[in-house]
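With the sequences and hints as input, model every part of the structure.
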Amino acid sequence: LTASRSFRLGELAERVQGQLEGDAALEIDGIAALADAGPRELSFYAHEKYAPLLPQTRAGALLTHEKLGVAIAQVLVQDPVVSINELLDLFHPRAPAATAGIDRQARVDETATIGRDVSIQAFACVGPEASVGARTTIGAGAYLGRGVRVGEDSILGPNVVILDGSILGSRVILHAGAVVGADGFGYARRDGRFIRMRHVGTVVIEDDVEIGANATIDRATLGRTVIRRGVKLDNQVHIGHNVEVGEDTVMAAQCGVSGSTVVGRRVMMGGQVGLVDHLVVGDEAKLVAQSGVIGDVAPGAIVSGYPARAHREVLRAQAELRTLARLRARVSALERKLSGLADEV
Amino acid sequence: LTASRSFRLGELAERVQGQLEGDAALEIDGIAALADAGPRELSFYAHEKYAPLLPQTRAGALLTHEKLGVAIAQVLVQDPVVSINELLDLFHPRAPAATAGIDRQARVDETATIGRDVSIQAFACVGPEASVGARTTIGAGAYLGRGVRVGEDSILGPNVVILDGSILGSRVILHAGAVVGADGFGYARRDGRFIRMRHVGTVVIEDDVEIGANATIDRATLGRTVIRRGVKLDNQVHIGHNVEVGEDTVMAAQCGVSGSTVVGRRVMMGGQVGLVDHLVVGDEAKLVAQSGVIGDVAPGAIVSGYPARAHREVLRAQAELRTLARLRARVSALERKLSGLADEV
Amino acid sequence: LTASRSFRLGELAERVQGQLEGDAALEIDGIAALADAGPRELSFYAHEKYAPLLPQTRAGALLTHEKLGVAIAQVLVQDPVVSINELLDLFHPRAPAATAGIDRQARVDETATIGRDVSIQAFACVGPEASVGARTTIGAGAYLGRGVRVGEDSILGPNVVILDGSILGSRVILHAGAVVGADGFGYARRDGRFIRMRHVGTVVIEDDVEIGANATIDRATLGRTVIRRGVKLDNQVHIGHNVEVGEDTVMAAQCGVSGSTVVGRRVMMGGQVGLVDHLVVGDEAKLVAQSGVIGDVAPGAIVSGYPARAHREVLRAQAELRTLARLRARVSALERKLSGLADEV
Numbered sequence: 001l002t003a004s005r006s007f008r009l010g011e012l013a014e015r016v017q018g019q020l021e022g023d024a025a026l027e028i029d030g031i032a033a034l035a036d037a038g039p040r041e042l043s044f045y046a047h048e049k050y051a052p053l054l055p056q057t058r059a060g061a062l063l064t065h066e067k068l069g070v071a072i073a074q075v076l077v078q079d080p081v082v083s084i085n086e087l088l089d090l091f092h093p094r095a096p097a098a099t100a101g102i103d104r105q106a107r108v109d110e111t112a113t114i115g116r117d118v119s120i121q122a123f124a125c126v127g128p129e130a131s132v133g134a135r136t137t138i139g140a141g142a143y144l145g146r147g148v149r150v151g152e153d154s155i156l157g158p159n160v161v162i163l164d165g166s167i168l169g170s171r172v173i174l175h176a177g178a179v180v181g182a183d184g185f186g187y188a189r190r191d192g193r194f195i196r197m198r199h200v201g202t203v204v205i206e207d208d209v210e211i212g213a214n215a216t217i218d219r220a221t222l223g224r225t226v227i228r229r230g231v232k233l234d235n236q237v238h239i240g241h242n243v244e245v246g247e248d249t250v251m252a253a254q255c256g257v258s259g260s261t262v263v264g265r266r267v268m269m270g271g272q273v274g275l276v277d278h279l280v281v282g283d284e285a286k287l288v289a290q291s292g293v294i295g296d297v298a299p300g301a302i303v304s305g306y307p308a309r310a311h312r313e314v315l316r317a318q319a320e321l322r323t324l325a326r327l328r329a330r331v332s333a334l335e336r337k338l339s340g341l342a343d344e345v
Numbered sequence: 001l002t003a004s005r006s007f008r009l010g011e012l013a014e015r016v017q018g019q020l021e022g023d024a025a026l027e028i029d030g031i032a033a034l035a036d037a038g039p040r041e042l043s044f045y046a047h048e049k050y051a052p053l054l055p056q057t058r059a060g061a062l063l064t065h066e067k068l069g070v071a072i073a074q075v076l077v078q079d080p081v082v083s084i085n086e087l088l089d090l091f092h093p094r095a096p097a098a099t100a101g102i103d104r105q106a107r108v109d110e111t112a113t114i115g116r117d118v119s120i121q122a123f124a125c126v127g128p129e130a131s132v133g134a135r136t137t138i139g140a141g142a143y144l145g146r147g148v149r150v151g152e153d154s155i156l157g158p159n160v161v162i163l164d165g166s167i168l169g170s171r172v173i174l175h176a177g178a179v180v181g182a183d184g185f186g187y188a189r190r191d192g193r194f195i196r197m198r199h200v201g202t203v204v205i206e207d208d209v210e211i212g213a214n215a216t217i218d219r220a221t222l223g224r225t226v227i228r229r230g231v232k233l234d235n236q237v238h239i240g241h242n243v244e245v246g247e248d249t250v251m252a253a254q255c256g257v258s259g260s261t262v263v264g265r266r267v268m269m270g271g272q273v274g275l276v277d278h279l280v281v282g283d284e285a286k287l288v289a290q291s292g293v294i295g296d297v298a299p300g301a302i303v304s305g306y307p308a309r310a311h312r313e314v315l316r317a318q319a320e321l322r323t324l325a326r327l328r329a330r331v332s333a334l335e336r337k338l339s340g341l342a343d344e345v
Numbered sequence: 001l002t003a004s005r006s007f008r009l010g011e012l013a014e015r016v017q018g019q020l021e022g023d024a025a026l027e028i029d030g031i032a033a034l035a036d037a038g039p040r041e042l043s044f045y046a047h048e049k050y051a052p053l054l055p056q057t058r059a060g061a062l063l064t065h066e067k068l069g070v071a072i073a074q075v076l077v078q079d080p081v082v083s084i085n086e087l088l089d090l091f092h093p094r095a096p097a098a099t100a101g102i103d104r105q106a107r108v109d110e111t112a113t114i115g116r117d118v119s120i121q122a123f124a125c126v127g128p129e130a131s132v133g134a135r136t137t138i139g140a141g142a143y144l145g146r147g148v149r150v151g152e153d154s155i156l157g158p159n160v161v162i163l164d165g166s167i168l169g170s171r172v173i174l175h176a177g178a179v180v181g182a183d184g185f186g187y188a189r190r191d192g193r194f195i196r197m198r199h200v201g202t203v204v205i206e207d208d209v210e211i212g213a214n215a216t217i218d219r220a221t222l223g224r225t226v227i228r229r230g231v232k233l234d235n236q237v238h239i240g241h242n243v244e245v246g247e248d249t250v251m252a253a254q255c256g257v258s259g260s261t262v263v264g265r266r267v268m269m270g271g272q273v274g275l276v277d278h279l280v281v282g283d284e285a286k287l288v289a290q291s292g293v294i295g296d297v298a299p300g301a302i303v304s305g306y307p308a309r310a311h312r313e314v315l316r317a318q319a320e321l322r323t324l325a326r327l328r329a330r331v332s333a334l335e336r337k338l339s340g341l342a343d344e345v
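Residue numbers (our numbering), protein chains in the order written: chain A, 1 to 345; chain B, 1 to 345; chain C, 1 to 345.
Mixed in with the good hints, there may be bad ones.
When chains are identical, the list treats them as one kind, so a pair holds in a single copy or across two.
Only pairs whose alpha carbons sit at most 20 Å apart, straight line, appear in this in silico DMTMM-like list of lysine to aspartate or glutamate [to be verified]:
#, residue 1, residue 2
1, 286, 313
2, 337, 103
3, 67, 41
4, 286, 344
5, 49, 296
6, 337, 206
7, 67, 23
8, 49, 79
9, 67, 21
10, 286, 23
11, 49, 244
12, 286, 191
13, 286, 117
Because the hints were derived from the structure by calculation, they are not lab data.
Below, the structure is given as structure tokens:
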């Protein structure tokens, strides 16, 4: 890396194993979106929504999947988004996440186990018998309760709360304000009032999971709430007690999963999807944004609407509804004709 | 209680006044869910969804409402969930919530009144003229503003925020990250811009209320936002300014209630329900998950959908919609026949 | 202002340039809602929902737009809500937001720039190279990352988190628990797993913006997420990466806007509205509560439902659906008649 963080286009194309169509000597100072990029910046084209921006962009060069009909230097790659992401590391080297060490104003219980090169920031609390793996960062004001275990290379943002006994893997990212391990919403009813269920279970979050800001993951009543390896949950997602979320499943913002529901692997949910309790969602199902799911979902199914059913059916039903006025007109015509016929007969 | 926390099944049956069908001398070491329990553990059967697990469970004994056809010792009780909850106290004695005392790194204003055996944890703030009742816990990083009053035996989780003048009763539980008393969302419009309304009202939360993690309860413009005795609000619920929620009402996760709406007693809301402002929801109404409520709801009514109306009607309308294709086919058949008839005539 | 905070009604009417109908000498001690006001209090009438309360109110005087048929002193003004808001300042003078100064238990990096009369409360963190404008308040436990800039006269509530590089204008209000600048939800997929996108962009929040408790505003992948002047976002709103929200737009609680969507000026959204990514919503559009928006919205359009379309059409479709049973009956009648006719022929 040069001090000025400037690269020749040829170097960049090589770095992403792309096919260069244009001047290899072009100097590139940075990466920017199509609308913002200037003549010394590299941009990328990855979504047809951006086609109208192509004739106007001032970008010096473009990463793209297929040759575009514009007079701009281009680097052809398989997936422009993946390649741009790789090049961002050149222009914006990953900062050391935080200065290692325990801040003098952090509170770490003397019975806690702290790994090598851990960063614990100001006003963070690490409780009794907790353990924090090597190179993990505990943000300012974050709280780890009694017996919490966090693996290596994980990042807990400011004001994250992890309650007693929760177990987090390695390379886990929790964004600011997320809460893991609060008691689930479970009551028994007696004489019209609610008796609070004890929640003696825990939460297990496996490796490579990312959880968004102000999301909430409740602890199990008995046993465990489990978020499997590679799951990505966006901001303000809610996961109820005893839920299990399968590997590499993603949920967009503000989804809510009720107690004891089991979500399979590689499931994709749009934003604001809700699932009632005790369901099973099969692997690789797709739940369209705002779906309200009240029954099991088969593996690979695509569902939408409330109550969620096959997305194709939902679209067809909506189309039919739009033809209802025409159907009514046909019935009126039939009535008139029939009345005429009856007169004739 | 024995040191090993092991009990004979006969003891456990007696404790919950259950009818024992099996070996009273069986040693039980713990409580677990059907899928997880081993031969020295007690499990329970309380939901037909779990019937498929019965033939495979390795549980040593089961709490159940009716005798099950499996060769496992059983304890028959009226409500297995209630009974399991009672027995959890044996195996998992309630820990003293927190060490009593004010942490040396907490900030308690000298004009605040602190009751007996209160626990105020590290980095918590208790503002001027606030008062905290006996045996209440204020979690790490929690904030109590000026004049806030909290009753006895209440638990405020880590990073909870209670703003100036809010009043909380006894045995209130606020989970981590909940915010009580932020200004409501009220503006007057003048020349296309918004003038912020002063919010000089307050929030009153009565006894035995539980509020979930990252939930928000706004203060009133004038007067009070009121959460009555026994209300249970799940994670990420939002309650707007000047709302009143009646006794023993429950709202599942991510419900939102807009300003000045009055919700009756023993109302039950599924997750992600939304209510617009200035409504009245009658006692014991049921609002199905994801309902969008834009009009008053009668006492005892069951509503669903957007805009929410009688759940029975919604189901009927959906069934009718599915028969639309058939209706269209009947109309086409009529048209053909009529055309044939006309030819004959 | 008198010490007792009591005013003659004539004084109050003058203050809001209202037309007094009643006794100018009437002593008024406070302001209260219709249902709560007593004979020495001023109330207001601004919403027909409150008409049933008029005959019973004990208020000493009323602010109203048009003369009401009740025997109570009245002050006629153009907008009673605006006028009440002005008078609240008399009875509840705005407190000095907080004592100016940096709390001895706050953490302010030595490279941060702190303006005049700033208040930084206990356990707040202000990071390296951050700057805080004059008279701004940083609440207890709040966090400002590296290089964050906040303008003048802004208020950041307790436990607010502003991550590295975010830029906030003047007179900005962020309520407790809001998170600004967390990484957006962007991944590239490779071999069924997700590669995390670098988020090297930032968030810009312009002047006079208000953001609710526990809301989340994500940083851009490249470039900026922008919240323009005068925008008001209610509690638990989520704004994705690279979104732009136009001037004076308001969103009620729990709305979610997905990545790269552009929302125009003076747009109004009810609660729990969701928008997918890469949309354009035109100026002054109205999105009814719980709308699920999956396509662009024209300027001034009113949309509702899922998928959101013209609100008028949605209402018509719902009305048609209710007539379906009748249509079916008409078809059955036709079938019977036709069968009779066929017999005759």
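Results of checking the hints against the structure:
In this homomeric assembly, residue 286 and residue 313 come within 20 Å of each other (Cα to Cα) only inside a single copy, at 15 Å, whereas the closest approach across copies is 28 Å. For the homomeric pair residue 337 and residue 103, neither the shortest alpha-carbon distance inside one copy (88 Å) nor that between copies (87 Å) is at most 20 Å. For the homomeric pair residue 67 and residue 41, the shortest alpha-carbon distance inside one copy (18 Å) is at most 20 Å, but the shortest distance between copies (65 Å) is not. In this assembly of identical chains, residue 286 and residue 344 lie within 20 Å of each other by CA distance neither inside one copy nor across copies; the values are 58 Å within and 54 Å between.
Taking the shortest Cα distances, residue 49 and residue 296 sit within 20 Å of each other only across copies (12 Å), while inside one copy they are farther apart (34 Å). Proximity of residue 337 and residue 206 under a CA criterion of 20 Å is satisfied in neither setting, with 70 Å inside one chain copy and 66 Å between copies. In the homo-oligomer, the alpha carbons of residue 67 and residue 23 lie at most 20 Å apart inside one protomer (15 Å), although the nearest pairing across protomers, at 77 Å, exceeds that limit. For a Cα distance limit of 20 Å, the shortest separation of residue 49 from residue 79 inside one copy, 16 Å, qualifies, whereas the shortest one across copies, 44 Å, does not.
Taking the closest pair of Cα atoms, residue 67 and residue 21 come within 20 Å of each other only inside a single copy of the chain (8 Å); across copies the shortest separation is 76 Å, beyond that limit. When the C-alpha separation of residue 286 and residue 23 is checked against a cutoff of 20 Å, the pair qualifies neither within a copy, at 43 Å, nor between copies, at 49 Å. Taking the closest pair of Cα atoms, residue 49 and residue 244 come within 20 Å of each other only across two copies (16 Å); inside a single copy the shortest separation is 36 Å, beyond that limit. In the homo-oligomer, the alpha carbons of residue 286 and residue 191 lie at most 20 Å apart only across protomers (18 Å), although the nearest pairing inside one protomer, at 41 Å, exceeds that limit.
With identical chains, the CA atoms of residue 286 and residue 117 are never at most 20 Å apart, being 40 Å at best within one copy and 52 Å at best between copies.
Against the hints set out earlier in the document, violations occur for numbers 2, 4, 6, 10 and 13.
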